[in-house]
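Chains as they are written, first to last, in our numbering: chain S, 1 to 113; chain A, 1001 to 1111.
These aren't lab readings, by the way, just hints derived from the structure by calculation. Hints are not guaranteed to be accurate.
[Stated by the list, open to error] Listed next, the in silico DSSO-like pairs over lysine-lysine satisfying Cα-Cα at most 30 Å (straight line):
1. K1022/A - K100/S
2. K1106/A - K100/S
3. K100/S - K1037/A
4. K1042/A - K1057/A
5. K1057/A - K1106/A
6. K1110/A - K100/S
7. K1106/A - K1071/A
These figures come from a predicted structure and were not determined experimentally.
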Amino acid sequence: NAGVTQTPKFQVLKTGQSMTLQCAQDMNHEYMSWYRQDPGMGLRLIHYSVGAGITDQGEVPNGYNVSRSTTEDFPLRLLSAAPSQTSVYFCASSYGQGRKTQYFGPGTRLLVL
Amino acid sequence: GENVEQHPSTLSVQEGDSAVIKCTYSDSASNYFPWYKQELGKRPQLIIDIRSNVGEKKDQRIAVTLNKTAKHFSLHITETQPEDSAVYFCAWGDSNYQLIWGAGTKLIIKP
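Sequences are here, hints too, so could you generate the full structure?
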């Protein structure tokens, strides 16, 4: 199993540009989520999904959209990039919400100029 | 809102000594408390977790203790080694089944 994969590994955007961060898992996990990690602030939940066709907002959803058309894929879309979205983005999956082991992808480092 | 306080933010210990990191949570209904380790440039990975029906859990050199009355739980690492250098995150499962994360503790092992 590849586990959780993310692409790209690194991306530079200009303010106002849009892009999609890809996330895929091959463990048949129901629950998937996106976090952003900023220095000294730990992991903050952006959006999550409890299964195909179901998504919900986390702690910091503004400026981001998600969709879950399949169990395997959970892309994160930045609608109009801002410098405040410079961060490391992690996708994670698990068999269930909250009280199950979260398996993280390798992360995408995003720089918005 | 719900939160978790994690202390200290940085911890420097001599190799071979013990390290203790403490987290305090706010939701008394929570019953799941995991600890994740993140090495520099890598992804977070689960190292140990505890559920509220036990007060302590051990796995070789690491242990987690839970005090539900005081609403705090701690990570204990004994006989620290250079490979223990990393950032450690605590988290707890809230009543909505989400994980609430601490801000992290940078553990430095001095040779």
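We went through each hint and held it up to the structure:
At most 30 Å may separate the alpha-carbon atoms for a hinted pair to count; K1022/A and K100/S meet this at roughly 21 Å. The suggested pairing of K1106/A with K100/S holds, with an alpha-carbon distance near 24 Å, which does not exceed 30 Å. A hinted pair counts as satisfied when its Cα atoms are at most 30 Å apart, and K100/S with K1037/A qualifies at roughly 16 Å. In summary, the hint linking K1042/A to K1057/A is supported, as the alpha carbons are separated by about 26 Å, within the 30 Å threshold.
In summary, the hint linking K1057/A to K1106/A is supported, as the alpha carbons are separated by about 22 Å, within the 30 Å threshold. About 33 Å separates the Cα atoms of K1110/A and K100/S, which puts this hinted pair outside 30 Å; it is violated. Proposed proximity of K1106/A and K1071/A is supported: the alpha carbons are some 22 Å apart, at most 30 Å.
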